[in-house]
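> Next come the chains, spelled out residue by residue.
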Amino acid sequence: MAASEVYYMNARSESPQTGLVAKMLTVFEAAGLDQLIKPGDLVAIKIHCGEWNNTAYLRPVYPRALADRIKELGGRPFVCDTTTLTYQPYASRATELDLKMTAERNGFSPAVLGCPFICADGFIGTGDYRVDIPTGYLLKEAYIAQAIAAADVLICLTHFKGHPMGVIGGAIKNLGIGCQSKRGKHNVHLGGHPKYSVANAAIWHPENFKGKASMEDWKILEDCCPYDLFKVDDDAIHWDRARCTSCLGCIGVMAPRGLFEFPEENFAATDAAIADGALGAVTAVGKEKCGFINLAIDISPRCDCVGFADMPIVPNLGVFASKDPVAIDMACLDKVRESHGMPGSIADDFDLLDPGTRKFETVSATVHGLSEETQINTGTLNGLGSREYTLIDTEPQSMKRHVFALDQRPTGERFRQKFLKFTPFPYERHDGQGFLREQEIDTKFVKAWHGNGGNGGVAGSPGTAEGARSGD
Amino acid sequence: MAEFTKGLENLQEAITACQQASTAVATASVAEAAQARSALESVLASLNEVSDKFFIKTMMSVPPTKACRTEATAVAVLVAEQKWSSLPAAVEKLDKATKALVTKAKMDGTTIT
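So the sequences go chain by chain: Z and U.
When we follow our numbering, the leftmost residue of the first sequence carries the number 1, and every step to the right adds one.
When we follow our numbering, the leftmost residue of the second sequence carries the number 1, and every step to the right adds one.
In short, the hints are calculated from the structure, not lab data.
Being a predicted model, the structure only gives us computed values, none of them experimental.
Don't take every hint at face value.
[What the hints assert, rightly or not] Cβ pair distances, simulated, as ranges:
#1 Z/Pro110 / U/Thr103: 38 to 44 Å
#2 Z/Asp354 / U/Thr103: 29 to 35 Å
#3 U/Thr16 / Z/Asp98: 46 to 52 Å
[As the list claims (entries may be wrong)] When the alpha-carbon atoms are kept at most 27 Å apart in a straight line, the in silico BS3-like pairs for lysine-lysine are as follows:
#4 Z/Lys219 / U/Lys106
#5 Z/Lys212 / U/Lys83
#6 Z/Lys140 / Z/Lys38
Beta carbons: idealized from backbone N, C-alpha and C, even for Gly.
Use the sequences and the hints to build the structure in full.
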């Protein structure tokens, strides 16, 4: 497959046109994604709205700015995310209601976005569109969230970061998990698969359950499963293994208690299936109608789907756009590898501060042995895209395109009459000086470093600069 | 799953350092060493107990095991150099790091997918 074009701008900013929002819009146009949109088109902007209390997800201003631009192009944008599998006992996005409440708490509301925020796969997550994927490497069908499959254009606006299961969370994962309905996620996580499902990949150790009396929180063993497949007696635990769906709600409960041996095969195969799911999403919308923007900023080691955010493992790297989800993820991954690790982050804990290291598979994967290239390799095998890419440095647009959009007249013109009518500065007071103030202060003293006693307090007597200086 | 993990490596180094310190304080006669004996035994028991937990096989175990390794090494160095006056504070740090590891090894609320 030929090299794909990936348009790139770094993360440095020193002017309105080099801010990250401006850069996102600049690469959007440079990559020709604006050309995908025709007047009247329904345009799905697929984001990750972030789990409850996650703080690394993309700020809502990015989809807002993109939605505004799409409206200028005549499109009808909506921002969307999908319901999740439960994944853990305290999931915050597993139904439409929970998803929308979490999304709103994280800032994704119609008022902020300037367009609707939609749960794309319905209240429980069964609103979907089935699509055949004959070239899929593992999956041969996919179930795509209905609102995404129904869109005329799909723009995946992705926060590029690490992921405990997928190892990387980029455009492929935004498609391969994020655009699947809940039913589709069961497919990608290989529920019911004869080899790779949790039921078949995990080694079950019921003998490690020593009875209710020895496990104070035994109830969670039953309550972690939304399909009610675990039953706990006084002295034994039972698992209706044949009906396990690989929803993964139990893994974090069973493995730490020694009841599961970790199903690494499920994780590794799921990473491949993610790329097939991605192919399904692109097939459902139409390959020529999909565009991808990756923001490689706040690059947390784990996904926005966890209820916290660890500090970034590398500095902010920049903004990318492409029509190829494989190429754009490869470009981001290469940039992360080229980068220094962030001191004080988990990359530091792993001694991964030097450039050239494969950081995600070391610090992000739940266990060692997963690869940060599985999604990319599978996406190449199944025809989703190319890992070969040409990185195109993109020049900033004119400043005028990125200043305050609602009124672009200079402030003198905008406010002159209003400031005459409601004068903020009290010219009539203190001989025209306006306010009561000292005539002079010791700026040299307040700029100096005076040390402290370890609690942030400035040494010396409180009250005056002279007092502090003399110690009086 | 790969058997070797950084978390396990850190933990083993912490246990080794702790054992060295424990052996040395057992024969020392100063008061600080005597005080450290039971604390180090307790720490060693806790470190050994978490060593076969699933948590130690995950990358999430790396930061807390690294903290234990660092503090255990500091204790071992102080004992080897017989800097007894600094020992109580160092043992307290090691105990705190060990308790944090034991708590994290329970993986309450952890999402591993």
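> State for each hint whether it applies.
Hints, one by one, checked against the model:
Remark: the range hint 38 to 44 Å for Z/Pro110 to U/Thr103 is upheld by a beta-carbon distance near 41 Å. Against the hinted window of 29 to 35 Å, the Cβ-Cβ separation of Z/Asp354 and U/Thr103 comes to about 32 Å, which satisfies the hint. Taking the beta carbon of each, U/Thr16 and Z/Asp98 are about 47 Å apart, inside 46 to 52 Å as hinted. Distance restraint check for Z/Lys219 and U/Lys106: the Cα-Cα separation of roughly 16 Å lies within the 27 Å cut-off, and the hinted pair is therefore satisfied.
Pair hint Z/Lys212 plus U/Lys83 does not hold up; C-alpha atoms about 48 Å apart against a cutoff of 27 Å. Between Z/Lys140 and Z/Lys38 the alpha-carbon distance is near 31 Å, which puts this suggested pair outside the 27 Å criterion.
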